[in-house]
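**Q** Use these hints to put chain B onto chain A, whose structure you have.
There are 2 protein chains.
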Amino acid sequence: MSVLVVGSVAFDDIETPAGRVKGVLGGAACYFAVAASYFGAVRAVGVVGSDFPDEHLDFLGERGIDTRGIYRAAGSTFRWGGRYHESLDDRDTLFTDLGVFDGFNPDLPEAYQDSEYVFLANIHPSLQLRVLEQVSAPRFIAMDTMNFWIEGTRPELEQTLARVDGLVINDQEARQLTGEHNLVRVAALIRDMGPRIVIIKRGEHGALLFEGEGVFAAPAFPLREVQDPTGAGDSFAGGFIGALAREEELDGGALRRAVIYGSVLASFCVERFSLDRFRELSGPEIEERFARFRALSTF
Amino acid sequence: MSVLVVGSVAFDDIETPAGRVKGVLGGAACYFAVAASYFGAVRAVGVVGSDFPDEHLDFLGERGIDTRGIYRAAGSTFRWGGRYHESLDDRDTLFTDLGVFDGFNPDLPEAYQDSEYVFLANIHPSLQLRVLEQVSAPRFIAMDTMNFWIEGTRPELEQTLARVDGLVINDQEARQLTGEHNLVRVAALIRDMGPRIVIIKRGEHGALLFEGEGVFAAPAFPLREVQDPTGAGDSFAGGFIGALAREEELDGGALRRAVIYGSVLASFCVERFSLDRFRELSGPEIEERFARFRALSTF
Chain A
1 MSVLVVGSVA FDDIETPAGR VKGVLGGAAC YFAVAASYFG AVRAVGVVGS DFPDEHLDFL
61 GERGIDTRGI YRAAGSTFRW GGRYHESLDD RDTLFTDLGV FDGFNPDLPE AYQDSEYVFL
121 ANIHPSLQLR VLEQVSAPRF IAMDTMNFWI EGTRPELEQT LARVDGLVIN DQEARQLTGE
181 HNLVRVAALI RDMGPRIVII KRGEHGALLF EGEGVFAAPA FPLREVQDPT GAGDSFAGGF
241 IGALAREEEL DGGALRRAVI YGSVLASFCV ERFSLDRFRE LSGPEIEERF ARFRALSTF
Chain B
300 MSVLVVGSVA FDDIETPAGR VKGVLGGAAC YFAVAASYFG AVRAVGVVGS DFPDEHLDFL
360 GERGIDTRGI YRAAGSTFRW GGRYHESLDD RDTLFTDLGV FDGFNPDLPE AYQDSEYVFL
420 ANIHPSLQLR VLEQVSAPRF IAMDTMNFWI EGTRPELEQT LARVDGLVIN DQEARQLTGE
480 HNLVRVAALI RDMGPRIVII KRGEHGALLF EGEGVFAAPA FPLREVQDPT GAGDSFAGGF
540 IGALAREEEL DGGALRRAVI YGSVLASFCV ERFSLDRFRE LSGPEIEERF ARFRALSTF
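Protein chains in written order, with our numbering: chain A, 1 to 299; chain B, 300 to 598.
Simulated from the structure, these hints should not be mistaken for laboratory data.
Please note that the accuracy of each hint is not assured.
What the hints assert, rightly or not - Simulated restraints, written as ranges between beta carbons of each label pair:
id, chain 1, residue 1, chain 2, residue 2, range
1, A, R163, B, G363, 29 to 37 Å
2, B, A487, A, G253, 29 to 37 Å
3, B, S386, A, D54, 55 to 63 Å
4, B, E415, A, A295, 26 to 34 Å
5, A, D90, B, A373, 43 to 51 Å
6, A, P109, B, T597, 35 to 43 Å
7, B, R495, A, R163, 36 to 44 Å
Note that beta-carbon positions come from the ideal geometry of N, C-alpha and C, so glycine has one too.
The following block holds chain A by itself, in its conformation from the complex (with noise of 0.2 Å):
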């Protein structure tokens, strides 16, 4: 297998009823590629500063993630800021410095073009769009989005829907992007612009998988402390393309085990603050996790 991650890496200042951090490793690449590499090897594409330390590859690279596609570029790795509410569902952002991220290119070293799995995580959808056509011969490819291209680039948003497998979205923006409440309308909806797959992400709520004629409702798993949500999203996006990339067919059940193996890396992602808890996370931990969904959604 191969998976491909294009998309952001960053340092985050993150404010939650648990705590702050300041300037810790995070961007969707990250988080995508982390969870992904407890399946098999990851490619990851993206741009960090003169400001990003060694120390920060040397961890991706650690967990067997190809860095090569993270290229330097003279200036400021991108910045972000949040703080997150009480109720965690909801967030301010504090600040955006896109730094180098706002000049991001993403081409891709000439061994990642055979890249099978790919994703494209939350960036311009023309970028997104490039990056497809320099992958040869992709199996599945799925991509996120948020409200900022919804708005703002609507038509080349349409376009690469239209060029992907499936897409995963978080409930709020696939409402946005249908002008539908109804998620079995939005889905449907999403699904005529191109994407055979739905996934829609409902944070603490779990996600909905639409594909085939079937709907999958995957809880998500009930923590007695949640310290970060930021990068949930990406580490279930991490976790579904890893664990499908292991299967044979990407058939119903494959997909659904898959969304249940997201589910499993964006539980243990919120668990600490940025990606600290993949730092000391295992395998054997992840597959007790699977074990503990089933028992929490078996009647």
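**A** Same frame as chain A, now just chain B:
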């Protein structure tokens, strides 16, 4: 089996994005009793005014519900008006005219006193306690409550909570009751107050059952159209208690199945205004949707 419910019988004015209705049959006791009636005999206790037409009592009677405990008092039947927001998650109460419900005094007919399964719908906790004093050998007692009693009659509420086996409550009110946000901790705090079983209803996000050492996450059924969420929570409770009363043992498996039957009944309830969906709902449809819940959550 013998299921008893005590609660409101009402006329509702309801506005939702799907339409509006005036003076339709409503009230927690009605929704509960009709939902539970698909599983066996139900006894209802409530009060109606002189304006309450016999046809409503006839409808309950046709569903096999014993209405001898619904007494008629001089005055007007309880009236409630509500308007739902686009999201259906939220509603504004437009008016509440208690009428004869203000003087509601739940005296159980002698024939009801041996009821084994008891549901105390959302009424003053002292009245809930009064009902418990009249049942001779209950096997399982569950209750609901709301913000009004949590704020205004806390000591009485705690007395009643100490006497029940299960609390069936929505997430917002569960959080208000405990002053805690995280639902795992919320459930633990509620169980410290008495109930060994806690069910937290989350509307379109399903329900969480806490029992023994286990947690069970039941999805909500993804419907293409919801006309009217009124009564969903009481229909859930009716399906839950009704199905539970059919079981031999009240173990984890029985509780989980019952939660799914509750979810099934709630999912039918919201398809139409008032209790209209139940006027034509058949037993086989319930079993078919139960099977679809399995397909929805199996991986």
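**Q** Can you list which hints this structure breaks, lowest number first?
**A** Hint check: 1, 3 and 7 fail, others pass.
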